[in-house]
Amino acid sequence: MSLLTSLWAVPALGAAACALSGRAARWTALVFSLAALGLSMAALRPILVSHGAGLLVEGGASGLFGISYSLSADGLSLALVALTAFLNLICAFASWELEVPAGYWAAFQALAAAVNGVFLARDLFLFYVFWEASLIPMFFIIGLWGSDNRRKAALKFFLFTFTGSIFMLLALLAVVIAHQRATGVWTWSLPELTGTDLGAGAPWILLALMAGFGVKVPMVPLHTWLPDAHTEAPAAGSVMLAGVMLKMGVYGIIRVALPLVPGAAAAWMPILALLAGVNAVYGALCAMAQTDLKRLIAYSSIAHLGFCLIGVFSGTAQGLAGAALLMINHGVTTGALFLLVGFLYERAHRRGLSDFGALATRAPRMAFFFGFSILASIGLPGLNGFVGEFMCLSGAAQSPILFGGLPFYALIGAIGVTLAAAYALPAFQSVFWAAEGPNSVSPKVFDLGGRESAILWTLCALMLWIGLAPQPWLATLAPSLQGLVR
Amino acid sequence: MTGLAIALAPQAVLAAGVFGALGLGLMARPSPMWARALAVLAPLAALAALRLVVPAYLPPLVDVDFKGLAWQLVIYAGALPLAICSSGDDVETALFLGATLGMGLLCAAGNLVMLFVGLEFMSLPAYLLVARAGAQGRSRRLEAAVKYFFAGAMAGALFLFGLALYYGETGRLGPGAGALGGLGRAGVSLMAAAALFKIGAVPLHWWLPDVYEAASPEVSGFLSTSMKAAAVLFLVRLVQIAPDPMFAVVLPWLGAATALYGAALALRQKGLRRLLAYSSLSHAGLLVLGVGAWARLGGDPDALRAILFYLAAYALMSNGAFLFVAATGVQTRDDLKGWAARSGGTAAAFAALLFALGGIPPTGGFMAKLLVFWQSLRAGLVWPAALAALASIVSLGYYLGLVRDMYFEVPAANCAPIDASARARERILVLACAVGAVVLGLAPLLRIRP
Amino acid sequence: MNAAQVPWAAWLLFLAPVSAILIGMFVVRPLKPEWTHLPILASCAVVTVCALLLLQRVLMGGSFDLNFYRWAGVGSWGVDFGLRIDGPGVAVLSMVAVVGSLIHLYAASYMEGDPGFSRFMLVFHLFFLAMIGLLTANNYVQLYLFWELVGAASYLLIGFWYHKESARKAALKAFLTNRVGDFGFLLAILLIIDSFKITHFHLLYFLVARATAAGHAPQFLPAIGLLLIWAACAKSAQFPLYFWLPDAMEGPTPTSALMHAATMVTAGVFLLVRSWPLIAAVPGLPDLVAGIGAFTAVSSAIVAGTRKDLKRILAYSTVSHLGLMMLALGLGRVSVAIFHLIVHGFFKAALFLCAGNVGHAIHQPTANVDEVGGWRKALPWTYVFFVAASLSLAGIFPFGGFFSKDAIVDAAMERGGLFALSGLLISAGSAFYIFRMLFLTFHGERPEQKGLSAHPHESGSGLLAPVGLLALGAVVIGAARPVVETLVAGGWTALPVGIPGYAQTMNLPGSTEIPGVALKALLIGMGMAALGAAAAYALTMVDAGWDWRWRKSSPALERVFDSDFGWKTLVDWFARGVSSLADFVGRVLDKKWWDGAIEGSGRVVQAAGSLFSDAARGRLNEALWWMAAGAALLLALGAAR
Amino acid sequence: MTQCAIAAAGLGAVAFGLAMLWSRSLYVGAVCLLAVLLQTALIYMLLGAPLLGLLQVMIYAGAVMVLAVVTIMASGGGPSGERFADFSLPRPLAALGVLAVAVELALTLASTRASAPTPAAAGLSAAFGANLFHAYALATEAVTLLMFLASLAILPDREPS
Amino acid sequence: MSGAVWATSGALFAVGLATVVLRRQMLAMLLGVELMVAAADLALVRGACRFMDPEALAAVAVVLAVAAAEAVVGLSLILRVLRSGRGLDAGELSELRG
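From first to last, the protein sequence lines are chains G, Z, U, W and P. Offset between the first sequence (1-based) and the numbering used here: plus 144. Offset between the second sequence (1-based) and the numbering used here: plus 318. Offset between the third sequence (1-based) and the numbering used here: plus 1375. Offset between the fourth sequence (1-based) and the numbering used here: plus 13. Offset between the fifth sequence (1-based) and the numbering used here: plus 144.
I should point out that these hints are in silico values taken from the structure, not numbers from a laboratory.
Capping the alpha-carbon separation at 25 Å, the derived lysine-lysine pairs in BS3-like fashion look like this:
#: 1; chain 1: G; residue 1: K588; chain 2: U; residue 2: K1539
#: 2; chain 1: G; residue 1: K296; chain 2: Z; residue 2: K655
#: 3; chain 1: G; residue 1: K300; chain 2: U; residue 2: K1967
Turn these sequences into a full structure, and let the hints steer you where they fit.
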């Protein structure tokens, strides 16, 4: 079983093992998470050595209907796989003391397997199968272990993403058929399909692909599933949902949508960039209006990924590299925030901004970590949030797409950055600094334990490291995005 | 004569089975074990005999080709679950084998008359089977059987009159009649109406929900899989024998409409069996879309392979679903609440089947839907494919709704605990169907040739 | 010049504070929180020594600019981090180091006994580190990094006593206003990278000089200049974005002293000094800077004269003096601006600490004009230091303030016109509000004031020593004029960089020499100061109750002054506008309309389903009728063609 | 001559058909259907397929109709109440729906060329007999087995075990 | 005048269809079905004689047998419904709906 296959097969086996191991499921989950992280590091090493230029390919014998089991990995995909493994490990630790059935651990392992599959798939059929398969574990995670109206959120999450991706499937089919009509060969392998002449249908295919990926990113008009899904998911579920599943959308755009329909993409790029800008500002404005802490962080994710998309659609080298790095950063920062809200919810079973007060005196460690993560999230330079956003905006400033001669998207992005502080700090203040309100449940909140602090220290250290020295990370990510630079 | 015997070996085996079952009737106190053994052995023997058959064209009635053989494979396999769970009543076994034999004849039919005989041969025992099989709800089953009978009889009459018109114009009862005039096209339309009735396309579908709801679950499973496969083959043969541009235009839109109609109605059903009936209607719509695409592509073998794969996958999924109803005796969606907490195994199997029916990737259901979408896009049917995609989204509403009821709801307070051993046969079959449905999903990678 | 030749002092400049914070946080705080200040004070000492050593090295021409490592780079786009020790940087650095250390000393005893003592000291020192980083950065991105870190530290420190509602609001207002300023700064950096492809100061100076010489300045240069000025206005509390500074007084006094008087607020001026070649290259901008400076200075001087809270008077005074620095810069006198920045650092820090002692005397964080009065005898030392510092502020001859402030007034007079008038008004105004504060606090008990009945007591030596040193500094600093002059002159000259033809010194857009003591300037400056002092004496000592009387007689006028001529109400209105827009987008547009529409579509499909299923009433005849109709439909379709 | 006989028989058949539709009592309906079947058998003979006519009379008119009459007797099918079924939509509209089918059929039939009737070949019915058991042997066997299966319908339900 | 045969079979088919759809009693509907099949046979026989094709006649014979079998099944089902006490009226049978 070669390396790339093991990257998704090991978590899949882990899922089965956890399901069968009953009481000791959490230990099995831990073992398999560690194994997955080790494997992803091993896979990443050749890429690191060759400064991100390498491309590992595996399998490829064509099966039925032109479908072939073939995987490929480069800097970006392996970085995301490593992020998945890392966050999975963090989630394993974070939910160590929860009394949950074995299915809980199995679902997380299955989710990791499916998501890794998406990042490694070279064959579009395999890409789509893993893409949809990742919905099932998350559906159960939200549905079974979420908070009060989890049922509606789980169903809405599944239906929303399924609707987007079924139109994506039709688009993929159209491309495969067009390719066969041109070359007479049935194939689903991505490298061979890129560059097929799609004729008049190209804009429609781009629209359908963007619908599929846009739901996942989420791009604004298709985003209303995200706040519900995040608010209702358990802490670890939100971490995986925000940290990794949103990146599948951006990865899909970078790897599948833009290369498959380059002509239409170039023509529609200004509109897409405008949508990305709207994403950033709209997400921030909505976040300012929230009263539920987790819902606020969910909307902040929309804003962050708006920057990521600005970087992707800028078409410049640093924009794309910034977008890739922002995906990693967002995983770490928002992961930390969701963990903290999760710990808060475990203690007080409440998430409202007005439900708490003066927690800084009761739980100073929690205050420190939350403050640290909030600052990283709003893009304080020196921490990881800033690096990604700065490169994306710099990409937008230098991008050939101009809106009336002005780097309009850089302007929108900068407004987004400014608004970030306007929603994050009031939230921090009302939970940790403001005096206890009449219905405050602060007395029930006790400070973080050793385990929880250890997790958050690793995340904070990572934030600081990427913030001060992002170059090694950029070196691995940038080369794999060369193709899209215009 | 010998050529006929070899070409129709599986049908001959089934005929022997029927006579055997009738013979059992003569015995004084036939123990159910014999009838049950016969019910299982006959289809298995037919499947074995299938390997012997060499494709042959024996004018005027018989034309056995690869398509016919593959269809027989799916039909006999689809019949096995009902055979295994049969109640051991010799009359029921005879009727069941008779219906299966009718389908076999239809697969081997060369011309329209034999097609009609096959149609009636499989329908009549089916009406009786619906009326007779099953433990409770006798009056509801009778009502369903009568409705099924009258709808079937009218369809048969329509087919006959269509045949008469077609014959009046072309003077041929078989294929090779070339371009059709007004009379011929009218005849073909009427014959198509009969075929669409049997599949359950929208305007002619009224009998389907009542029959599937009232009949015993195993019989409904048999009807929704093998009978549907035979009906699809009936339509395919009809299009082959009397090709008419009308099919390529009408069938796709009719299929998409049926899919949407079935999905919309299933969404609000409270009764589980009626929900499964409407979902079967929705899948029938997709099949009709598939046949429309095949007709539009001028009989392309790939398109036919897609339809056959869909039928094979659907045989597993639908039988599995109805067997779950048989095994657990669940009547409405509320009984299903919190089922996972009460019996994990069957709940997991049923969830896998529901995911398959919904077309979620790792399962066979997805592969089937993908192939049909693929062929219809290949045939340029963009909008019907989009409508069918919309239908499968709506269908997820209730498939996932059922999974939600099973897993995320809390079981009603006064529910009795379930003893896992009851109806063991059905439970094992449900698990088998679930595993089959998932494995079929990986078919392209494991190179399973449909 | 490579990493090895970098003087160890430069390394230590960063190493000391970082290690102090780490030790303080991970070692001392968990064990003995009340000792947190020890490692920090040690690091202050080390930093001061290093700063002075670097000052001495730069004076001997040893300034250098070196990139240490590539922070982030993709293909042709790249940003490096490094160190730049040059004239202006090291001048301000040494002032910050000296004043900062003294304020740390003061804070150690002032904050003693406060439950958040160790948190305060750690964040205080983090701010100190950020300030050092800001002054020694060698490119815009690194400067932006420390710029934001300073903003974050000020947020944490203003909101230190977070149980107070007003402190929380002030902290948020300060941070958001700074963020609005940073919006401009970020855009400026993006445009710089877009136009020049690099962000390093000395390369930029060279490229701008070459471009303007050749006549084709890049398209966005005016925009870059404007945005940098916008950022400076936010940080250095100039006209449009100054309103956060008076509220920032909610923080503990050491914070007000260090950040909102001596160091942080001067960062904006320092940014303009750093990017002066860019701004000077655009014709209209220097006058704009001067205009903003003058307007802010005059208006805030007037408002300062009407404030009741002591620290708020000093806050408005700081805004006024920053306006003065901007004015000097706008008039082209770069070294004068820096010199005034350094002098102002000393006497304003001294004044703030005296105000702190006054508040400390009655066990309150700050004191109001009503609660004090006639404390000359009760707080003798504080009185002496206060007098010294206020004389320096007013610009009376022998005191330090005179040399820098009157150089500015002289430059304003030389420019003439409105600037001259504003120069005079500022001299008079600043003398008026400082002496009014002096007389109200220390002289003549007045019926409206509590005065000695509040039985104040003098602070301990720990609080008085630092104030004394600062007051001394305020007095003596005037002598440092030539040192600053030589330092600033080398600011933009070429530094050994591998670009051919870079060797020659650039012609400096602004003059770097500081005029000597011109008799005319002496007379005018002293005259206006005397006039201001006399007015203050008249309105506080002679007619003792004036301050209270006019408030009662014309409350409308007081409201005008309270709202800074209506500007604060305008800002509040804007803030409420943004939050109500957010509420509309977040709640109505997103949740009710858009989300409702999507969930509504689900209900529409269900309604369609129930409509059809009602139609199916299960009657046999009807079913057959539909079959017949279906067959008829197929017939019609079949025969249609 | 045979032509007008055929036409007359045809007219008679249609008349009896309409009578069956309108008759309130089932007896009358059954008898009318019997008459129609006899008329068609007559037409078969006139058209030149006497054996088929005989078959029709024997199987259809004989066996089937007897069964129908017996069932009607068993159900006591005297003149019972409402003749036509009620529909969700008004009854005349329902009738109109069926009428539409009839009109369509008439149109399609009218469009066919009325080709000249050729006298029935002598040996047609002989060939028909042979054909029944050679080319269509499979069909005949299948149909006989089908009839046998249909007879199972009469067996009573198994009492619920 | 072979058009006459077409006319009669068409008319008979229409009447049969009307009977099946409109009549209330199930037995009458069954008769209607038989009538429709007879009409179809008539048309087939006319075609057979015109084309002198014995095959079609054999087909008609087969159809006759099938119709007989169908009648047997139909009658038994109707009788069983009758004996279960729900009467001959097709309108009664609407327990299964929705």
